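S.K.: This is what each chain is made of:
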Amino acid sequence: MAQVKLDAGAAGHGAEPRGKRTESGEATYLIAIAEALWEEMQRDERVYLLGEDIGAYGGAFKVTEGFIERFGPERVMDTPIAEETIVGMAIGSAMEGFRPVAEFQYADFMTSGFDEIVTAAARYHYRTGVPLPIVLRAPSGGGVRASNFHSTNPEPWFAHAPGLKVICPAFPSDAKGLLKSAVRDDNPCVFLEHKWIYRRIKEIVPDDLDFLVPIGSAKVQREGRDVSIVTYGMMVHWALEAAENLAQQGVSAEVVDLRTITPLDRDTVLRSVEKTSRALVLSESHRFLGVAAEVAAVIAEEGFQHLDAPVMRLAPPSTPVPFSPTLEDAYLPQVADIEAAVRKLSAW
Amino acid sequence: MVTKMSEAQDAAEADWRVGLSDDELKDLLYMLKLCRYFDERMEALYRQGRLPGAIYSGRGQEGTHVGVAFALRPGDSLFPTHRDLSAQLTKGLDLRRVMANFWGRIDGYTRGRDGNSHAGDWEGNRTFAVISHLPIAYPIACGAALAYKRRSEPKVAMAICGDGATSNGRWHEALNVSAIHRLPVVWVVNNNQFAYSTPNALEFDVPTIAERAAAYGMPGVRVDAQDVLEVYRVAHDAVERARSGEGPTLVESVSLRWRGHAGHDPARYVPKELLDEYMLRKDPVRRFAELLTAHEIVDDEELGRVQERVEREFDEGYEFAQRSPFPVPEDVTKGVFVEDGYWRSDPSREGGTG
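Protein chains in written order, with the numbering used here: chain U, 1 to 348; chain W, 1 to 354.
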């Protein structure tokens with residue numbers, strides 16, 4: 001393990017993100033992501049960042065604050081508001097041996113670069129055998145009253161584009177280890193950071209410069225006996241809160257965090273369902289033809305013999321993400337909704 | 001025949017060949033004739049129902065395609081469209097593997113995963129595998145050029161699109177970004193006067209595409225694509241300007257699309273007088289052959305030999321493609337991601353040719 005001594009909380013511009021950990025050494029999800037980028041840029045000269053306002057400003061959410069002072073404007077490249085060209089430049093430079101990490105200010109704006117992502121990047125290796133080691137980072141998801149165009153969960157769109165890996169971490173350590181894996185991966189990776197988690201969740205994060213979390217592996221975040229809640233992203237935290245409440249009501253819920261949408265870790269999901277015999281699939285992306293639909297289908301097709309109850313889904317309706325608190329709360333599955341669904345399943 | 005030339009005439013005599021040697025001029029002629037013949041024969045096969053998929057004829061635009069690609073060096077990269085097969089061949093794509101690509105065979109550049117001119121050979125000769133959505137490769141060319149600049153490599157990226165694609169937002173994004181960073185890139189617009197059926201007049205309201213370059217802060221040059229040497233000269237200047245670090249250039253090369261958008265399209269929307277003017281009086285291939293004959297670089301006998309050669313190579317390519325096996329169905333899911341190793345090993349040749 002490579003250990004680096006740092007003065008906790010002493011960071012300013014140009015300092016390592018690790019210096020921005022709390023005094024007890026915990027990193028927020030946002031700082032863990034910054035650490036991953038910093039370490040990979042130090043490790044590999046081919047890695048560079050591009051995106052809007054990531055340089056002097058440090059990014060819309062300040063993930064890359066201090067990077068331009070350390071790595072310079074060539075490796076922390078501010079771009080005009082031209083998302084197709086941001087992705088296209090990532091593709092072209094990757095074809096010439098670089099390992100670009102492009103930042104979108106919000107995952108919603110990935111639609112402005114959609115064609116380059118799903119038509120060019122996703123399909124190029126299948127058609128030609130040319131690897132495209134690209135990471136597309138974007139803050140996704142709702143729950144922060146950010147309204148229609150700053151709350152999207154685009155993971156199903158990209159999961160429908162064969163050739164992309166789609167990563168949705170829920171914890172700081174997973175975010176760091178998965179992002180480092182994505183930077184080292186030779187395929188285009190869509191890395192969706194949840195903005196609700198950014199500054200809310202912190203934990204002690206590994207210091208090992210080669211700490212990697214494998215892409216395509218789910219993790220049981222809480223063990224349980226009665227019902228499996230299969231989910232990812234912000235909903236992992238809401239599910240954990242629900243599981244804690246349910247435990248006090250005598251119901252034991254297991255929480256499976258997918259961590260990666262593509263490739264999907266079917267084995268971990270099926271093992272959990274084999275143990276609990278009941279499954280609630282929970283997602284923040286839309287219910288219709290969504291991630292939850294696919295996971296539910298996998299359980300129904302491959303785990304039917306283990307089930308004591310029908311597979312349930314809990315996910316938002318087919319509407320845009322609304323703004324007003326009453327509407328957004330009605331749109332997103334709430335902790336109470338999760339508890340009710342689990343109780344219903346456990347009573348089956 | 002001029003027997004006694006003044007110095008000015010000497011200079012003119014030297015200048016007409018824009019610095020190209022006899023052998024290079026003959027290479028140009030060979031490429032023009034090969035591309036013309038390929039285009040004609042493939043369309044005939046398509047009409048006979050012997051060619052699956054689609055064809056996008058570049059006939060009449062060989063002056064653009066061959067002229068611009070001839071200005072590139074082997075390490076330079078080319079980002080073409082579906083209509084630019086003549087440029088791809090000039091850059092070095094193997095005719096036999098191109099034809100295997102058209103027939104969906106394992107020896108095609110995409111191993112049957114894509115068809116027609118959607119071929120590329122990045123490792124071999126830095127040609128990007130064509131994508132239909134235009135100008136999708138313009139931003140990607142920016143990325144390749146950025147890599148050359150970052151590494152201080154004396155290389156250039158060249159991207160081609162048609163007049164149609166200049167209406168797309170990406171075209172403007174890419175030109176703008178390339179100018180901001182003075183990227184070593186050459187933007188070629190093959191203005192063949194029609195975007196599918198839509199004429200220039202319904203595509204833009206400025207007299208030329210080239211003059212848009214000023215809005216981005218780069219030079220724009222409009223050239224007559226009926227004169228391959230003039231196209232070459234303009235492209236060569238732009239390529240060497242980019243190579244020397246002076247940034248991008250927009251080259252508008254004006255021709256006429258002789259055939260429809262694709263094989264199914266009779267292109268009745270192209271006025272007959274316009275088509276006659278270009279086909280009968282402005283054919284870039286015939287004009288270049290006449291030019292080389294007038295300058296005694298080639299004679300009728302050599303022209304005959306070039307024609308025999310391109311016909312033989314076409315026939316060999318056709319036979320190669322027909323003998324190449326289809327990909328095996330079991331491989332359909334392979335190669336989506338890098339790690340299954342499909343593209344790093346030789347594929348199965350058990351797919352048969354039936």
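Hint data in this document are derived by calculation from the structure and do not stem from the laboratory. Be aware that one or more of the hints could be misleading.
Away from chain W, derived, C-beta distances all over 10 angstroms, residues of chain U [stated by the list, open to error]:
no. : residue
1   : 79
2   : 91
3   : 96
4   : 119
5   : 123
6   : 125
7   : 127
8   : 163
9   : 165
10  : 186
11  : 267
12  : 288
13  : 340
14  : 344
In silico lysine-lysine, DSS-like type, Cα no more than 30 angstroms apart, as pairs [unchecked claim]:
no. : chain 1 : residue 1 : chain 2 : residue 2
15  : W       : 282       : W       : 272
16  : U       : 219       : U       : 202
17  : W       : 272       : U       : 219
18  : U       : 219       : U       : 62
19  : W       : 282       : U       : 62
20  : U       : 275       : U       : 219
Some chain W residues flagged as far from chain U (calculated, every beta-carbon gap over 12 angstroms) [what the hints assert, rightly or not]:
no. : residue
21  : 79
22  : 178
23  : 183
24  : 193
25  : 211
26  : 270
27  : 287
28  : 326
Model, not experiment: these values are computed from the prediction. Glycine is no exception: its CB is placed at the ideal position from the N, C-alpha and C atoms.
S.K.: With reference to the structure, classify each hint as holding or not holding.
M.R.: Comparing the hints with the structure gives:
For residue 79(U), the requirement that its beta carbon stay farther than 10 angstroms from each beta carbon of chain W is not met, with the minimum near 7 angstroms. Not every C-beta of chain W lies more than 10 angstroms from that of residue 91(U), the closest at about 5 angstroms, which undercuts listing it as non-interface. Look at residue 96(U): its CB is around 3 angstroms from the nearest CB on chain W, not clear of 10 angstroms, so calling it non-interface is violated. Distance check on residue 119(U): its Cβ comes as close as 5 angstroms (rounded) to a Cβ of chain W, failing to clear the 10 angstroms threshold; non-interface status is violated.
At the 10 angstroms boundary, the C-beta of residue 123(U) falls inside the reach of chain W, the nearest C-beta of that chain being 8 angstroms off. Remark: the non-interface label on residue 125(U) conflicts with the geometry, its nearest Cβ contact in chain W lying 6 angstroms away (cut-off 10 angstroms). With a cut of 10 angstroms on Cβ distances, residue 127(U) falls inside the contact zone with chain W, its closest approach being about 5 angstroms. Separation of residue 163(U) from chain W is inadequate, the least Cβ-Cβ distance of about 5 angstroms not exceeding the 10 angstroms criterion.
Separation of residue 165(U) from chain W is inadequate, the least Cβ-Cβ distance of about 7 angstroms not exceeding the 10 angstroms criterion. Distance check on residue 186(U): its Cβ comes as close as 4 angstroms (rounded) to a Cβ of chain W, failing to clear the 10 angstroms threshold; non-interface status is violated. Residue-level check passed: residue 267(U) sits 17 angstroms from the nearest beta carbon of chain W, beyond 10 angstroms. The claim that residue 288(U) is not at the interface with chain W holds, since no C-beta of that chain comes within 10 angstroms of its own (minimum 25 angstroms).
Residue placement check: residue 340(U) keeps its beta carbon more than 10 angstroms from all beta carbons of chain W (closest about 39 angstroms). The non-interface label for residue 344(U) is consistent with chain W: the shortest C-beta to C-beta separation is roughly 38 angstroms, beyond 10 angstroms. Between the alpha carbons of residue 282(W) and residue 272(W) the distance comes to roughly 14 angstroms, so the proposed pair stays at or under 30 angstroms and holds. Taken as a hint, the residue 219(U) and residue 202(U) pair is honoured in the structure, with Cα atoms around 18 angstroms apart against an allowance of 30 angstroms.
In summary, the hint linking residue 272(W) to residue 219(U) is not supported, as the alpha carbons are separated by about 68 angstroms, beyond the 30 angstroms threshold. Between residue 219(U) and residue 62(U) the alpha-carbon distance is near 28 angstroms, which keeps this suggested pair within the 30 angstroms criterion. For the hint linking residue 282(W) to residue 62(U), the alpha-carbon distance of about 59 angstroms lies beyond 30 angstroms, and the restraint is violated. Restraint check for residue 275(U) and residue 219(U): satisfied, since their Cα atoms lie roughly 15 angstroms apart, inside the 30 angstroms limit.
With a cut of 12 angstroms on Cβ distances, residue 79(W) falls inside the contact zone with chain U, its closest approach being about 8 angstroms. Chain U draws residue 178(W) into its interface by the beta-carbon criterion, the shortest separation being 9 angstroms against a cut-off of 12 angstroms. Not every C-beta of chain U lies more than 12 angstroms from that of residue 183(W), the closest at about 9 angstroms, which undercuts listing it as non-interface. With a cut of 12 angstroms on Cβ distances, residue 193(W) stays outside the contact zone with chain U, its closest approach being about 26 angstroms.
The beta carbon of residue 211(W) sits about 22 angstroms from the closest Cβ of chain U, which is more than 12 angstroms, so the claim that it is off the interface holds. Every beta carbon of chain U lies more than 12 angstroms from that of residue 270(W), the smallest distance being close to 29 angstroms; the non-interface claim holds. Every C-beta of chain U lies more than 12 angstroms from that of residue 287(W), the closest at about 35 angstroms, which supports listing it as non-interface. Even its closest Cβ contact with chain U, about 16 angstroms, leaves residue 326(W) beyond 12 angstroms, as expected for a residue assigned away from the interface.
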